[in-house]
Amino acid sequence: MAFTPKKQAFNARINAVTLGTGDKSIVIGGENVLPFYTFDAPIENKPKIAIEISDKGLAGIVSPGLLKFYEGCETVVDMAKKAETMEGASAICLHFESADPNGDNTSVADCVAVAKAVAEAVSMPIIVMGCKNIEKDAELFSAISEALQGKNILVLSSREENYKTVGASAGLAYNQKVGAESAVDINLAKQLNVLLSQLGVPAQSVCMNVGSSAAGYGFEYLSSTLDRVKAAALAQSDAQLQMPIVTPISPETWGVKESMSPEEESPEWGPLDERGIEMEVCTASACLVGGSNLVIMKHPAAVATIAKFIDSLM
Amino acid sequence: MALKGLDIFKLTPKKNCKECGSPTCMAFSMKVASGALPIEKCPYMSADALATLSEATAPLMKTIEVGAGDCAHKLGGETVLFRHEKTLVNRNLFAVTLDSDMDDAAVDAKLEAIKKVDYERIGEREYVEFLFLNYAGNGADAYVALVKKAAEAQRALVLNCADADVAKAALDICKAGKPILNGANKDNLEAMNAAATGAGVTLGVCGADMNEIYDNIKALEGKGNKNLVIDCTGADAKQTFANAVMVRRGNLKDQDRSLGYPSIVNLARIAAGDLHMQTALAAAFTLRYGSIIVMENMTYAEALALYGLRQNIFTDPQKPMKVEPGIYALNGADENSVCSLTVDFALTYFLVSGEYERSKCPVNLLITDASGMSVLTAWAAGKFSAGTIKKFFDEADIENKIKSRTLIIPGKVAVMKGEIEAKLPGWNVVVGPMEAVQLVKFIKDFSA
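Those sequence lines, one after another, are chains H and U. Oh and the first sequence: position 78 is 177 in my numbering, straight run, nothing missing. Oh and the second sequence: position 240 is 366 in my numbering, straight run, nothing missing.
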């Protein structure tokens, strides 16, 4: 008696969104099945990996593997060029950590200059991540969206508090892609998408960041949010949740104890780099299986592994 | 097909005797229909009714119990495909491989390494639960020697051995530990079934593809053996993932009871030699339907990530994760270091302690019992108030244990400052930041 599995391809699809321009542009989303369920129907666009680079350069990085990879890089532009050569990379994510008014408070003009220089040096799509300060981010995203017109970048992210500014500038005036960020709640995610669409931002210009967390740190909320968003998008054809999902991994995983605690403090844990890589790999894999269409990572060993993981399941 | 509560109700005696523990026969029927109670709880069911019902109301996925004593584990028993639909029941377990052609020193070294990764994380023991013993075809003696050694390691065993005679010899010495015998395929089905049932152990069913696996399960069920696990490992990661999803979905969504067994996924086979890849796959199978995940190794680095993920995924959405109330001295804090108060919700604890650790400033983190709720929820529910804080201070004897009289409270409950000061005379209550991410800057400024 042969086994005849019931297929579960849906009538609805995740939106296909293009980032970047030219040869190196990428398309994320477009599938009508659950993540990696290629046995139900083929998945045309495999999930992608963007490489996170801080505008602080190598300052503050403790991972020996990362330092080695970027050896000889003096500027953020050098790092971006190097990141493009990373095995498994499809996009560059510029993280403007130093813009934080509670930190270095780098001026918007300086950030724009960095973004411009990087955009001229690389050909991969660019994702711009802010400093989590709502007012500063809004200002920053508007200025960078204007400066990089025509590059089809993704800004991460507009939130409920600043979606009007970010949506109007990045999404409407300068025709870039807008990331809609909500905190691990399907209703908030949907609400923000509705608000952006009411503002006039086309659904095809929106990606969702439905939250991020490291494995072991409340990851169940993220995991269930991903599961529920994909179920609503596909099984219930909810057009306001069919945007592809972008999930920052490295900003979370490299900030937890497992990846930061020096070897002297807990010798039995073993080398710091290894712990950081495993946290990044584990979290990225769990997000991809949950439904992330693009993950933002940084360690070359973790990126290579996840690229191989994606290929092996496609 | 699943029966509705009303269908079951028609077969009950309808006398509301309460002997089943439910207040009425109707309530009992509804519970049986949802799988919460077995039909046998009712002492007045006729034999006929029982026969029809027990088949129809048995859970779709069996719970298989393996191992003995301290090494006893439950596998399977899931009722939903996604944790948000209800809850996941039995967390996946991890196994590490040992081969019969490894030399003694290598086996010892690996057992020693496995023993080292054994710690507690929020009330759960995290360790490698199973040893997965591969038979390398080098004779029964070598395999029996390996099994003997492994049996002393205080772990449950999986005998991965498709040679029924060798398996029988190995089972003779370890069957009391209720191992799993894995390796029944279309060529050895009879003999493996006899070996497993003879020793009273669970049998693992293999096959080149889903058709073959399914045929083998049907054949074994035909012989009356329903104490099974399904080895979903295919030729590569893609096939293995497909098998694992099709088995679980075919069972829980499409209601095929022949697929209602726990699974084994052997990452040591499909990603041999690539530890990072095994971590990636292990994370994937933690979410998508691996019951026993077989790895080549379990280093501390892998364990920290994978066990953290597993603990999150298998928490009951209806029950928050809690940490023990008490004093947590961070960054070498002593009795003179400032105190910072928050609730026992595990996520709150992890975020707050993580940020404080990043600050490198010594802090006594005081965790009070708030029934595992977050700060604002607990405050709104009255579980985090000046009264509960006073009670906690008394019970934990904070006044005597700590000399510092500075107490930082979460910014979200700034309104409690006055009440806390009234209840805790002599303490200087300081309102901290609204969010954990602001703690590093706050405590650095505060300590400066």
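Don't read these hints as lab results, they were simulated from the structure. One thing to keep in mind: the hints can contain errors.
DSS-like, lysine-lysine: derived pairs with alpha carbons at most 30 Å apart [said to hold, decoys possible]: (1) K516/U with K105/H; (2) K242/U with K275/U; (3) K538/U with K516/U; (4) K181/H with K356/H; (5) K106/H with K212/U; (6) K344/U with K106/H; (7) K516/U with K106/H; (8) K364/U with K145/H; (9) K242/U with K356/H; (10) K231/H with K448/U; (11) K136/U with K356/H; (12) K567/U with K231/H; (13) K105/H with K130/U; (14) K448/U with K155/H; (15) K242/U with K136/U; (16) K356/H with K379/U; (17) K212/U with K242/U; (18) K356/H with K344/U; (19) K106/H with K352/U; (20) K448/U with K356/H; (21) K567/U with K155/H; (22) K167/H with K294/U; (23) K105/H with K349/U; (24) K486/U with K105/H; (25) K231/H with K275/U; (26) K352/U with K356/H; (27) K145/H with K294/U; (28) K486/U with K356/H; (29) K529/U with K516/U; (30) K445/U with K356/H; (31) K527/U with K356/H; (32) K294/U with K349/U; (33) K407/H with K188/U.
Covered stretches of chain H (in silico footprint by chain U; criterion: 3 or more residues with CB under 8 Å from a CB of chain U, positions within the stretch not fixed) [to be verified]: (34) 118 to 129; (35) 175 to 181; (36) 235 to 247; (37) 269 to 280; (38) 319 to 328; (39) 377 to 384.
Remember, predicted model here, so these are calculated numbers, not experimental data. Where is the CB? At the ideal position from N, CA and C, for every residue including glycine.
A quick look at each hint next to the structure:
Of the supplied pair hints, the one linking K516/U and K105/H is violated, its CA atoms being roughly 59 Å apart against a limit of 30 Å. With a C-alpha separation of about 17 Å, the suggested pair K242/U and K275/U falls inside the 30 Å cut-off, and the hint holds. With a C-alpha separation of about 19 Å, the suggested pairing of K538/U with K516/U holds against the 30 Å cut-off. Between K181/H and K356/H the alpha-carbon distance is near 28 Å, which keeps this suggested pair within the 30 Å criterion.
This hinted pair checks out: K106/H and K212/U have alpha carbons roughly 24 Å apart, not beyond 30 Å. As the CA atoms of K344/U and K106/H are separated by approximately 21 Å, the hinted pair is consistent with the 30 Å bound. About 59 Å separates the Cα atoms of K516/U and K106/H, which puts this hinted pair outside 30 Å; it is violated. Taking the CA atoms of K364/U and K145/H, the gap is near 14 Å; set against the 30 Å cutoff, the hint holds.
A C-alpha spacing of about 20 Å is found between K242/U and K356/H, which places the hinted pair at or below 30 Å, so the restraint holds. At roughly 28 Å between alpha-carbon atoms, K231/H and K448/U fall within 30 Å of each other, so this suggested pair holds. As the CA atoms of K136/U and K356/H are separated by approximately 58 Å, the hinted pair breaks the 30 Å bound. Restraint check: the Cα-Cα separation between K567/U and K231/H comes to about 15 Å, which is no more than 30 Å; the hinted pair holds.
A distance of roughly 24 Å separates the Cα atoms of K105/H and K130/U; the hinted pair therefore holds under the 30 Å criterion. For the hint pairing K448/U with K155/H, the CA-to-CA distance comes to about 37 Å; that exceeds 30 Å, so the pair is violated. At most 30 Å may separate the alpha-carbon atoms for a hinted pair to count; K242/U and K136/U exceed this at roughly 57 Å. Taken as a hint, the K356/H and K379/U pair is broken in the structure, with Cα atoms around 39 Å apart against an allowance of 30 Å.
Restraint check for K212/U and K242/U: not satisfied, since their Cα atoms lie roughly 35 Å apart, outside the 30 Å limit. Between K356/H and K344/U the alpha-carbon distance is near 48 Å, which puts this suggested pair outside the 30 Å criterion. For the suggested pair K106/H and K352/U, the alpha carbons sit about 27 Å apart, so the restraint of at most 30 Å is met. Proximity of K448/U to K356/H is assessed by CA-CA distance (about 19 Å); at most 30 Å being required, the pair is judged to hold.
Between K567/U and K155/H the CA atoms are separated by roughly 18 Å; this keeps the pair inside 30 Å, and the hint holds. Pair hint K167/H plus K294/U does not hold up; C-alpha atoms about 53 Å apart against a cutoff of 30 Å. Between K105/H and K349/U, the direct Cα distance comes to roughly 27 Å. Compliance with the 30 Å bound is thereby established for this hinted pair. For the hint linking K486/U to K105/H, the alpha-carbon distance of about 55 Å lies beyond 30 Å, and the restraint is violated.
Distance hint between K231/H and K275/U is unfulfilled; the C-alpha atoms sit about 55 Å from each other, more than 30 Å. The hinted pair formed by K352/U and K356/H fails the criterion: a straight-line CA distance of about 44 Å is larger than 30 Å. Taking the CA atoms of K145/H and K294/U, the gap is near 46 Å; set against the 30 Å cutoff, the hint is violated. For the given pair, K486/U sits about 12 Å from K356/H by alpha-carbon distance, which is consistent with the 30 Å threshold.
For a cut-off of 30 Å, the pair hint linking K529/U to K516/U stands: about 17 Å separates their Cα positions. Restraint check for K445/U and K356/H: satisfied, since their Cα atoms lie roughly 25 Å apart, inside the 30 Å limit. Pair hint K527/U plus K356/H holds up; C-alpha atoms about 27 Å apart against a cutoff of 30 Å. The hinted pair formed by K294/U and K349/U meets the criterion: a straight-line CA distance of about 19 Å does not exceed 30 Å.
At roughly 34 Å between alpha-carbon atoms, K407/H and K188/U are farther apart than 30 Å, so this suggested pair is violated. Counting residues of the region 118 to 129 of chain H whose C-beta sits closer than 8 Å to any C-beta of chain U gives 0, which falls short of three, so the coverage hint is violated. Under the rule that three or more residues need a Cβ within less than 8 Å of chain U, the assignment of the region 175 to 181 of chain H is violated, with 0 such residues. Coverage of the region 235 to 247 of chain H by chain U is violated in this model, with 0 residues showing a Cβ closer than 8 Å to a Cβ of that chain against a need of three.
Counting residues of the region 269 to 280 of chain H whose CB lies closer than 8 Å to any CB of chain U gives 0, which falls below the minimum of 3, so the coverage claim is violated. Only residues whose beta carbon comes within less than 8 Å of a beta carbon in chain U count, and the region 319 to 328 of chain H has 5; three or more means the coverage holds. Judged by the Cβ-Cβ criterion of 8 Å, the region 377 to 384 of chain H is covered by chain U as claimed, because 7 of its residues qualify and three suffice.
Hint violations for this structure: numbers 1, 7, 11, 14, 15, 16, 17, 18, 22, 24, 25, 26, 27, 33, 34, 35, 36 and 37, all remaining hints satisfied.
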